[in-house]
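Enquirer: Model the full structure from these sequences, guided by the hints.
Under the UniProt record's numbering, the first residue of the sequence shown is numbered 1, with each subsequent residue one higher.
Quick caveat, the hints were computed from the structure, so don't treat them as lab data. Just so you know, these numbers come straight off a predicted model, no measurement behind them. Treat the hints with care, as some may be off.
Beta-carbon label-pair distances, calculated as ranges [to be verified]:
1) 98 x 141: 32 to 42 Å
2) 158 x 111: 28 to 38 Å
3) 54 x 110: 22 to 32 Å
4) 113 x 66: 21 to 31 Å
5) 112 x 133: 13 to 23 Å
6) 54 x 140: 29 to 39 Å
7) 30 x 153: 20 to 30 Å
8) 157 x 110: 32 to 42 Å
Backbone N, C-alpha and C define an ideal beta-carbon position, used for all residues, glycine too.
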Amino acid sequence: MQWLRQYLSGTSGGGGGTGGTGAYADFESGTDGWTASNISGGPWSTTAWSSKGLKSLQVDIQMSNGSQHYMFKSGNFSFTGSQLKATVKGAGWGNYGSGLGVKLYVKHGNSYTWKDSGWLTISAGGVANLTLDLTGVDKANIKEYGVQMIDASNSSGQTSVYVDNVYLWN
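Expert: Structure, rendered in C-alpha cells:
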C-alpha cells in the first residue's frame, strides 16, 4: 500500500529513470527529458489537458495515411514494476478518420528488443489508458520507453496528442 500512497500523493519518483514504483513522468515541471519524432511541434509541458495534476506532455502531429509519430524517453533505465502505464488523449480537432492508433512501448536489452501494449484506437477528444505487461522484458536494461501513434488511412490535418501520468505498477 505504500506505493499507492506515494503514487496518489505524487511523492514517488517524478521524472527519474531508475527503479521505483512511482511516476516516471508527470510533466508538471517540464518535459521530464522526453522527446518526439515525426511531429510538427513540441514536445512541451501544457495545461491544455491532464489526467493527473495540472499538466501533460503535448505534441502536434500532421495526420496522413499510416504516418507514425513517437513521444519517448531514451537512456539507461531500470524498472521494478510489473506493468508500465500511461494515459493518452487526442485533441478534439483534426480529421482522425477511423481513429488514431496508440500504444505504449519499451525497447530493452543490448539489441533494443521491442515490446508494446498492443493498439488502442482513439477518436478526436478520446482518451486511452495504456498498460504494458513487462513480463519477459529485461527490466534492468531499458533503453527507451514511450508512446507510438499511427494515423488511420483516412485521416488528415493537424491535431495534438497528450501523454500524462507515465508510471510503473507492481
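Enquirer: Look at each hint and say if it fits the structure.
Expert: Hints versus structure:
1. Taking the beta carbon of each, residue 98 and residue 141 are about 37 Å apart, inside 32 to 42 Å as hinted.
2. A hinted range of 28 to 38 Å for the beta carbons of residue 158 and residue 111 is consistent with their spacing of about 35 Å.
3. A hinted range of 22 to 32 Å is violated for the C-beta pair residue 54 and residue 110, which are about 39 Å apart.
4. Our hint of 21 to 31 Å for residue 113 and residue 66 holds, since their Cβ atoms are close to 24 Å apart.
5. For the pair residue 112 and residue 133, the beta carbons lie near 19 Å from each other, so the given range of 13 to 23 Å is met.
6. Distance hint check: the CB atoms of residue 54 and residue 140 are about 33 Å apart, consistent with the given range 29 to 39 Å.
7. With their beta carbons about 35 Å apart, residue 30 and residue 153 fall outside the hinted range of 20 to 30 Å.
8. Between residue 157 and residue 110 the C-beta distance comes to about 40 Å, which sits within the given range of 32 to 42 Å.
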